[in-house]
Amino acid sequence: MWKYIGKRFLWSLVTLWAIITITFFLMHSIPGNPFLQESKMPPSVYENLQKHYNLDKPKIVQYGLYFQSLAKLDFGPSMKSSAMTVNDYIKQGFPVSLHLGLQALIIAVTFGLILGVIASLHRNRWPDYLSMILAIVGISVPNFILATFLINFVAVEWGLLPVALWKGWEYTILPSIALAMMPMAYIARLMRSSMLEVMNQDYIVTAKAKGLPRPVIIIKHAIRNAILPIVTVIGIISANLITGSFIIESIFGIPGMGEMFVKGIANRDYPVILGSTIFYSFILIFLIFIVDIAYTLIDPRIKITGESK
Amino acid sequence: MKAKRILLASLFLMLLLVFTGCFSQDQETTDKKDPKETTNTTDSKPTDQKEQPKAEKKVLKLNNVSNPGSLHPQLAQGTHESWVLEHSFEGLTKKTPEGKIVPGMAADWTFSDDGLTWTFTLKDNIQWSNGDPVTAHDFEYAWKFALDPANASYYSYQLYYLEGGEEYNTAEDGADMNALRDAVGVKAVDDKTLEVKLAKPTPYFLDLTSFYTYYPVHKGNAEAHSNWALSGDNYVSNGPFVLAEWKQKESMKLVKNQNYYDKDLIKLDEVDFVIIDDENTAWQMYRTGELDLVYPLPQDVTGQLNASNDPEFRIGPDLAVYYYNLNTTVKPLNNQKVRQALGMAIDRQAIVEHVSQGGQTPAYGVVPKGIPDVSGDFNENGGKLFEENAEKAKALLAEGLAEEGLSSFPNMVLTYNTSEGHKAIAEAIQEMWRKNLDVNITLENVEFQVKLDREKAGDFQISRAGWIGDYVDPMTFIDLWHSKSPFNDARYNNPTYDQLVEKAQSTMDQSVRMTAMHEAHALLMEEMPVIPIYFYTKPYTLKPYVTGIFDPINSYPQFMFADINK
Numbered sequence: 001m002w003k004y005i006g007k008r009f010l011w012s013l014v015t016l017w018a019i020i021t022i023t024f025f026l027m028h029s030i031p032g033n034p035f036l037q038e039s040k041m042p043p044s045v046y047e048n049l050q051k052h053y054n055l056d057k058p059k060i061v062q063y064g065l066y067f068q069s070l071a072k073l074d075f076g077p078s079m080k081s082s083a084m085t086v087n088d089y090i091k092q093g094f095p096v097s098l099h100l101g102l103q104a105l106i107i108a109v110t111f112g113l114i115l116g117v118i119a120s121l122h123r124n125r126w127p128d129y130l131s132m133i134l135a136i137v138g139i140s141v142p143n144f145i146l147a148t149f150l151i152n153f154v155a156v157e158w159g160l161l162p163v164a165l166w167k168g169w170e171y172t173i174l175p176s177i178a179l180a181m182m183p184m185a186y187i188a189r190l191m192r193s194s195m196l197e198v199m200n201q202d203y204i205v206t207a208k209a210k211g212l213p214r215p216v217i218i219i220k221h222a223i224r225n226a227i228l229p230i231v232t233v234i235g236i237i238s239a240n241l242i243t244g245s246f247i248i249e250s251i252f253g254i255p256g257m258g259e260m261f262v263k264g265i266a267n268r269d270y271p272v273i274l275g276s277t278i279f280y281s282f283i284l285i286f287l288i289f290i291v292d293i294a295y296t297l298i299d300p301r302i303k304i305t306g307e308s309k
Numbered sequence: 001m002k003a004k005r006i007l008l009a010s011l012f013l014m015l016l017l018v019f020t021g022c023f024s025q026d027q028e029t030t031d032k033k034d035p036k037e038t039t040n041t042t043d044s045k046p047t048d049q050k051e052q053p054k055a056e057k058k059v060l061k062l063n064n065v066s067n068p069g070s071l072h073p074q075l076a077q078g079t080h081e082s083w084v085l086e087h088s089f090e091g092l093t094k095k096t097p098e099g100k101i102v103p104g105m106a107a108d109w110t111f112s113d114d115g116l117t118w119t120f121t122l123k124d125n126i127q128w129s130n131g132d133p134v135t136a137h138d139f140e141y142a143w144k145f146a147l148d149p150a151n152a153s154y155y156s157y158q159l160y161y162l163e164g165g166e167e168y169n170t171a172e173d174g175a176d177m178n179a180l181r182d183a184v185g186v187k188a189v190d191d192k193t194l195e196v197k198l199a200k201p202t203p204y205f206l207d208l209t210s211f212y213t214y215y216p217v218h219k220g221n222a223e224a225h226s227n228w229a230l231s232g233d234n235y236v237s238n239g240p241f242v243l244a245e246w247k248q249k250e251s252m253k254l255v256k257n258q259n260y261y262d263k264d265l266i267k268l269d270e271v272d273f274v275i276i277d278d279e280n281t282a283w284q285m286y287r288t289g290e291l292d293l294v295y296p297l298p299q300d301v302t303g304q305l306n307a308s309n310d311p312e313f314r315i316g317p318d319l320a321v322y323y324y325n326l327n328t329t330v331k332p333l334n335n336q337k338v339r340q341a342l343g344m345a346i347d348r349q350a351i352v353e354h355v356s357q358g359g360q361t362p363a364y365g366v367v368p369k370g371i372p373d374v375s376g377d378f379n380e381n382g383g384k385l386f387e388e389n390a391e392k393a394k395a396l397l398a399e400g401l402a403e404e405g406l407s408s409f410p411n412m413v414l415t416y417n418t419s420e421g422h423k424a425i426a427e428a429i430q431e432m433w434r435k436n437l438d439v440n441i442t443l444e445n446v447e448f449q450v451k452l453d454r455e456k457a458g459d460f461q462i463s464r465a466g467w468i469g470d471y472v473d474p475m476t477f478i479d480l481w482h483s484k485s486p487f488n489d490a491r492y493n494n495p496t497y498d499q500l501v502e503k504a505q506s507t508m509d510q511s512v513r514m515t516a517m518h519e520a521h522a523l524l525m526e527e528m529p530v531i532p533i534y535f536y537t538k539p540y541t542l543k544p545y546v547t548g549i550f551d552p553i554n555s556y557p558q559f560m561f562a563d564i565n566k
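These protein sequence lines map, in sequence, to chains G and Z. Okay, so the first sequence: first residue is 1 according to the working numbering, each after it adds one. Okay, so the second sequence: first residue is 1 according to the working numbering, each after it adds one.
Quick caveat, the hints were computed from the structure, so don't treat them as lab data. Just so you know, not all the hints are guaranteed correct.
Dumping the calculated SDA-like pairs for lysine to any residue here, alpha-carbon to alpha-carbon at most 25 Å [as the list claims (entries may be wrong)]:
| no. | chain 1 | residue 1 | chain 2 | residue 2 |
| --- | --- | --- | --- | --- |
| 1 | Z | K61 | G | F153 |
| 2 | Z | K456 | G | I30 |
| 3 | Z | K144 | Z | E98 |
| 4 | Z | K456 | G | E47 |
| 5 | Z | K58 | G | L165 |
In silico contact screen, one side only, chain G against chain Z (beta carbon under 10 Å); selected entries [unchecked claim]:
| no. | residue |
| --- | --- |
| 6 | F35 |
| 7 | L49 |
| 8 | K51 |
| 9 | S81 |
| 10 | M84 |
| 11 | A155 |
| 12 | V156 |
| 13 | A164 |
| 14 | R224 |
| 15 | N267 |
Not close to chain G: a few residues of chain Z, all C-beta gaps over 10 Å, as computed [unchecked claim]:
| no. | residue |
| --- | --- |
| 16 | S112 |
| 17 | N178 |
| 18 | R314 |
| 19 | H354 |
| 20 | Q449 |
| 21 | Q558 |
All residues carry an ideal CB built from backbone N, CA and C; glycine is no exception.
Here chain G stands alone, though its shape is the one from the complex (with noise of 0.2 Å):
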């Protein structure tokens, strides 16, 4: 088992320098640098702001001197917004985006298996209908269209809820519920199907025969097994939930991490797009290694040794 975790562990270190070096080389490689930009910059201070930045010395240095500040923990300074470091960004943009993450999978998780279940429970009768058609609007309908269609009514037209901002708890809802309905909708259909094969097989046919009662096989047996395929997929969409939306971040005003990728690139603000992307997978070799051990834990089928697995 622990030499399941070592080896496990090892190989995350190895993905995260994989997924470092790979995106230092191909983020200098495209066209643009931090401080190209339509005004009047002249030469000397482009190259004094270069210079500053270590931006004159050749790559290898320049990745030399990254794992060098990484190794203190410190993800570099923000190259177009002078006075913030990448690890102020992290600091204040990732606590706002887990909140809101974690809103968003409580709602994506809960109704999502809620409406997958009753469903398949239910299939090919109004309620599987019902739930259907949520999850085919939820799937197709992209996030911002939704996030405007609930500022629009919810917030403008009967001013039930604030339009934007990130003040108190009634101003997270309309962002979560926005930010929850895709993976709402993914989870849904994944655990109908997931629960109907289930409740096709032979174990769930002989405690039927055995007069179990109904909520006993469908709780105790059936949902524990059909629920493994949603634990495989939740590592991934909770490291997309809870490292922020930028669309529904921007939509709804919101301060967290969400900024920091696409602003990261568009501004070719070097240190912020590496800082993102070793956050990123940080987040998402962590959720992933503890995703597989959850697994191997729920499932007894699946062995745990160093040796195979």
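Given the coordinates of chain G, work out where chain Z should sit on it, guided by the hints.
Same frame as chain G, now just chain Z:
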């Protein structure tokens, strides 16, 4: 089985710890930024100034599109910072609502006959927001801070007008930095007198002294708190307002500076900025009354409000031009007649009315309205520098192509950066050229950085561009197309043009300067290395209970004299 359960439980606990850890961090960060607590622990600002227990506070609510990088006048990079800085600081001079330059921190000034030495005398009783006097040393400190290469100030070049400014800012490794710093042409003779030496005559120098890179900084405060400009905790400024709170990426709160010498003219108690990136969301907040002024507006909203003559809709002037670069090194764009034909075959009125829809004005030159000439307005005195005429354009194109030995116009590419607005304009112009000149152009949409990179490398044929003036003088536009200008993306090279620019740059005589710039402007439009399309405007909405807002040509709407009468 039991072991597995323990492991599962510990995994869950680990996750919980990670998440709660983040939340407590959130709490910590928020606590630090709470102005009530920080006011109690800092003595840099009187308590009454940050929290004014008035029954009816006059609060103006605005939106700043992006989080400022820094609210340090010398480290600011653009409009996201300038709106706040222009209201919390004041330079040697300032501008009236009519655009006149009047004394700010300076009471008066003199300059030598050659225009190179300026002596400013500061007003009596001018104070920082913490009550300390503003001295000439604060100006010297701030200007040299901007020029210090270690501080990597974007706008340092705005101080290259000073003697030794560029040399200090671009010093090589190993240079004697102290000597270079001492050689910079700014010196506090005493607390009240600032002496400035310029590298060459700069008739618009007074205009520059109202720009934020020229603002002073409280030397003592800056040295005591290196991060003073990053929060409201230790923020000290000398303008009508002072920053009291800044929640990064969320909001900023300015309060009236009780130590400002003209504080009786300031009616607002507080200005609350939210930071919302999305134009639509800001507009919805305006509709629900959560904001009092919104700029910029979504394009479709601007169109609707403009068409319906909405009383809350205003169009402020802007010091900026939207144009197309023609790469003059590429055949047949190297031919003047071909370039003229392309410029003449565009219906600008149709573009501003039906495509951009923001009340913009068609451009028949590159210098916008609102810049004073020796007498009157530079743009108006110059008049329309070319005409739109599809017939004539077609004939010119045929002549030009023949001169280049071509029978037809080759398929060329018009490059623009990702934006629905640029796309719509490019499509309209593509259609006008097809219809009027029988010319086929392919549109190419690239990311902004890619466009800039390719323009710098000369790897384009026609490209969309825009230019915002740095100061109110035609030179801010005219010198772009000097053959040695790093912004001359069209690669225009005409010795006569260069001579006219240099002539205007070498004298303090306004009539000589303006004449030279008019001649250069006319020459540029005759040779047309760039095709002007329209002059930008600043369309915004303002609630009827807000009065006293004014629109300088090169800034966002100013609210220092605003009042709220609900």
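Okay, the hints, checked on the actual structure:
no.: 1; hint: Z:K61 to G:F153; verdict: 23 Å, holds
no.: 2; hint: Z:K456 to G:I30; verdict: 15 Å, holds
no.: 3; hint: Z:K144 to Z:E98; verdict: 31 Å, violated
no.: 4; hint: Z:K456 to G:E47; verdict: 15 Å, holds
no.: 5; hint: Z:K58 to G:L165; verdict: 22 Å, holds
no.: 6; hint: F35; verdict: 8 Å, holds
no.: 7; hint: L49; verdict: 6 Å, holds
no.: 8; hint: K51; verdict: 8 Å, holds
no.: 9; hint: S81; verdict: 4 Å, holds
no.: 10; hint: M84; verdict: 7 Å, holds
no.: 11; hint: A155; verdict: 7 Å, holds
no.: 12; hint: V156; verdict: 5 Å, holds
no.: 13; hint: A164; verdict: 5 Å, holds
no.: 14; hint: R224; verdict: 13 Å, violated
no.: 15; hint: N267; verdict: 8 Å, holds
no.: 16; hint: S112; verdict: 26 Å, holds
no.: 17; hint: N178; verdict: 18 Å, holds
no.: 18; hint: R314; verdict: 22 Å, holds
no.: 19; hint: H354; verdict: 25 Å, holds
no.: 20; hint: Q449; verdict: 3 Å, violated
no.: 21; hint: Q558; verdict: 22 Å, holds
The structure is inconsistent with the numbered hints 3, 14, 20, although it conforms to all the rest.
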